[in-house]
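For the protein sequence lines, the chains are P and R, in the order given.
If you're matching positions, the first sequence starts at 0 in numbering that gives the first Met the number 0 and goes up one per residue.
If you're matching positions, the second sequence starts at 0 in numbering that gives the first Met the number 0 and goes up one per residue.
If you are wondering where the hints come from, they were derived from the structure by calculation, not from laboratory data.
Here a beta-carbon is modelled for each residue, glycine too, at the ideal position from N, C-alpha and C.
It is possible that part of the hints are untrue.
Computed Cβ-Cβ distance ranges for the label pairs, DEER-style [claimed, not checked]: (1) P:D3 <-> R:D285: 54 to 62 angstroms; (2) P:D12 <-> R:Q56: 55 to 63 angstroms; (3) R:R108 <-> P:P146: 24 to 32 angstroms; (4) R:R108 <-> P:L280: 20 to 28 angstroms; (5) R:R130 <-> P:I15: 53 to 61 angstroms; (6) R:P201 <-> P:E172: 31 to 39 angstroms; (7) R:R258 <-> P:E6: 52 to 60 angstroms; (8) R:P201 <-> P:R122: 21 to 29 angstroms; (9) R:R108 <-> P:D306: 20 to 28 angstroms; (10) R:G178 <-> P:K18: 19 to 27 angstroms.
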Amino acid sequence: MHEDASEHEALLDALIAGKLPDERGRFGPFGGQYVPETLMTAVNRLSEGVRDVLPSADFRQRLEAELKTWVGRPTALTHAPRLGERWDADVWFKREDLAHTGAHKINNGIGQALLAQALGAKRVVAETGAGQHGVAAAAACARLGLPCVVYMGEVDVERQAPNVDRMGRLGAEVVAVTSGDRTLRAAIDEAIRDWVSDPEGTYYLIGSAIGPHPYPLLVRELQAVIGREARAQMLAAGGLPDAVFACVGGGSNAIGIFHAFLADRDIALFGIEAGGCGSALGQHSATIAAGRPGVLHGNYSMLLYDDDGQIQETHSVSAGLDYPGVGPEHSLLKLVGRVDYETASDAEALAALDECCEAEGILPALESAHALAGAKRWAANNPGRRILIGMSGRGDKDMPILSRYPRSEAGVDVAA
Amino acid sequence: MSPRDRNGNARPGSVSPREREGDARPESLPPLERKGDARLEPVSPRDRIRDALTRSQGEQAAIVAYLTAGYPDPERFFPALEDLARVADAVEIGVPFSDPMADGVTIQRSSEQAIGHGVSLRWIFDELARREPDLASPILLMSYLNPLLVFGYDALAERSVECGISGFIVPDLPYEESGPLRAALSQRGLALVQMVTPVTPPERLEALCAASEGFVYAVTRTGITGRAVSLPPEATEYLAQVKAASGLPVCAGFGVRERAQVEAIEKHADGVVVGTALVEVLERGDDPAEFVRSLRPAR
Ligand SMILES: Cc1ncc(COP(=O)(O)O)c(C=O)c1O
Chain P
0 MHEDASEHEA LLDALIAGKL PDERGRFGPF GGQYVPETLM TAVNRLSEGV
50 RDVLPSADFR QRLEAELKTW VGRPTALTHA PRLGERWDAD VWFKREDLAH
100 TGAHKINNGI GQALLAQALG AKRVVAETGA GQHGVAAAAA CARLGLPCVV
150 YMGEVDVERQ APNVDRMGRL GAEVVAVTSG DRTLRAAIDE AIRDWVSDPE
200 GTYYLIGSAI GPHPYPLLVR ELQAVIGREA RAQMLAAGGL PDAVFACVGG
250 GSNAIGIFHA FLADRDIALF GIEAGGCGSA LGQHSATIAA GRPGVLHGNY
300 SMLLYDDDGQ IQETHSVSAG LDYPGVGPEH SLLKLVGRVD YETASDAEAL
350 AALDECCEAE GILPALESAH ALAGAKRWAA NNPGRRILIG MSGRGDKDMP
400 ILSRYPRSEA GVDVAA
Chain R
0 MSPRDRNGNA RPGSVSPRER EGDARPESLP PLERKGDARL EPVSPRDRIR
50 DALTRSQGEQ AAIVAYLTAG YPDPERFFPA LEDLARVADA VEIGVPFSDP
100 MADGVTIQRS SEQAIGHGVS LRWIFDELAR REPDLASPIL LMSYLNPLLV
150 FGYDALAERS VECGISGFIV PDLPYEESGP LRAALSQRGL ALVQMVTPVT
200 PPERLEALCA ASEGFVYAVT RTGITGRAVS LPPEATEYLA QVKAASGLPV
250 CAGFGVRERA QVEAIEKHAD GVVVGTALVE VLERGDDPAE FVRSLRPAR
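Generate the whole structure from the sequences, applying the supplied hints.
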């Protein structure tokens, strides 16, 4: 017990000191490279790229310029006083919904597309769930003149239709995946199959902090800009928060906002997973809350599977959280106790979305609405605190789904 | 009669289940009595694979046949397995997995159907133990890592030996991550077969060939399973490199579906792996053993 505690403390110290993942791609026990031999050369070459290209002055400059003038960074920090009044909290939003293409995904999209170009890739493949990453990848590839193919589960093609059209307009080829669970997980399987077929010419632009090493590191480095900006903006706006909330699908926006706050041990960090419509396997996507360690899509991390090791179908009203795995760094943060992982149900997320629209004039993505719901619940038990919420994306893409749910009255009652 | 290879020699280590229980024919003494004579030492499962696939120059290629466990359905699977084990030199049983990311649509489809029929690693072991099929050639399990991880590596090795499994092929387990599974299998003499590919750099190729057990699985092109190919000209050079680096038989894989391909590979490798084409044969309801025979030279 005691040994565990000091071991965990050492792991967290190493993580904060920038020593994780180690050279084998491990965040403590999690991570690694579980890919077919055909891809080993590609992931090794990518590791070299992350090591050599990413920190180079030339790459930094190009990325900074794109982030500033094309993505529109820094994104705003927005005070949410009317929501704060209802919740008895001092609420702030980090506005990734204001970034180009409408979500944090673009930070990663443009960063990896630049890397792909630097590494001489001839084409890019990507997977997408909500379509936000697909749109980001398509836009970034158009910007750099790289051909782009996006794999998207058939179920998601239907529920995120506006984004499918956007990808097409941006010049990407969208391939509807009809195998497996026909959502994000199957789309990743299919993107990997494509990559396996041409590991030399094709760059796999993965959309979250998942996959084999070095992807979890690469995506975190590209998304960490969220937390760096937010921390400085909070300080400038009167002080650091007491708690930070982010939704967790694969975990990229969450790791991006958390990273800058890991060393602030008195700031509580909360990752909110999709609680879906129930606690049975198949009814939710609460990987960390309900999963066990396992191997999927190239890494060892928390995962939802049955007693035979078969990966389980998941459910969430939000396509971007509908995934049975989670990035290995989150599994470590859970293990060492630095981040608390909780869930918000479909109903809670929908109610939070409506409340945010009504109180602040912001339509959040259904994914981001999970972070809002988690924050609201915490605020109810911890009145008067300063809360930072990662607004990972905007909800325009969710209009086809939202049209199926009547506008909830939760917020209206409080205001009346 | 004890299983024999095409030259009529008893295959070392090809032990039928009855013999395993000590009900041996005079010509094959129970392993224990062979102790002390190094040459006749009981053959470990991994060496059994090696011996079954070893070919000398000019001999026809060994055939490693793949079929998805419980496919086309749990009842028809075991007769198909027994038939294949009689005509092929080794058989891979595919453990169905929900996310077969290195497989093409045919094997994906068979996996999905098998899972739908309740097939799992546990089912495979239980049915092998219960039915005691007569398996004339060594059997390997081909599985993605998660089902093995969940089963537990020590239990896996123990159960494999009990059920007559000789080795494993794990497509999403590269050498770097294979330590724990390798150690558990090694304790019981089971093989962990290593794959090599045309994009594997020379130094790595040497290391992988040195680490492989049973045979070396040489993928002749990048890509998922099931895409038909004629042997690309650069493949001969690649296979020569693999042969040079390997002390084990080398079997070339992916896309084999006709005699001509087998013939083309014969000069460069010890054998071929036949997967997707066989699953298609089963899909059509045709005879898998007949198909494997069609890959051999006409008599
Ligand atoms: C707006 C938004 N937020 C969050 C996510 C979840 O991904 P991650 O956990 O990687 O941030 C998505 C994924 O599509 C998204 O579109």
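Verification of the supplied hints:
Roughly 57 angstroms separates the CB atoms of D3 of chain P and D285 of chain R, a value that falls within the hinted 54 to 62 angstroms. D12 of chain P and Q56 of chain R have their C-beta atoms about 60 angstroms apart, which keeps the hinted 55 to 63 angstroms range intact. Our hint of 24 to 32 angstroms for R108 of chain R and P146 of chain P holds, since their Cβ atoms are close to 29 angstroms apart. In this structure the supplied range 20 to 28 angstroms holds for R108 of chain R paired with L280 of chain P, their Cβ-Cβ distance being about 24 angstroms.
Remark: the range hint 53 to 61 angstroms for R130 of chain R to I15 of chain P is upheld by a beta-carbon distance near 56 angstroms. Between P201 of chain R and E172 of chain P the beta carbon distance is about 36 angstroms. The supplied range of 31 to 39 angstroms therefore holds. For the hinted restraint 52 to 60 angstroms between R258 of chain R and E6 of chain P, the CB-CB distance of approximately 59 angstroms keeps it satisfied. Distance hint check: the CB atoms of P201 of chain R and R122 of chain P are about 27 angstroms apart, consistent with the given range 21 to 29 angstroms.
Restraint check, R108 of chain R to D306 of chain P: a C-beta distance of roughly 24 angstroms satisfies the suggested window 20 to 28 angstroms. Between G178 of chain R and K18 of chain P, the C-beta spacing of about 22 angstroms keeps the proposed range 19 to 27 angstroms intact.
In terms of the numbered hints stated before, the structure departs from none.
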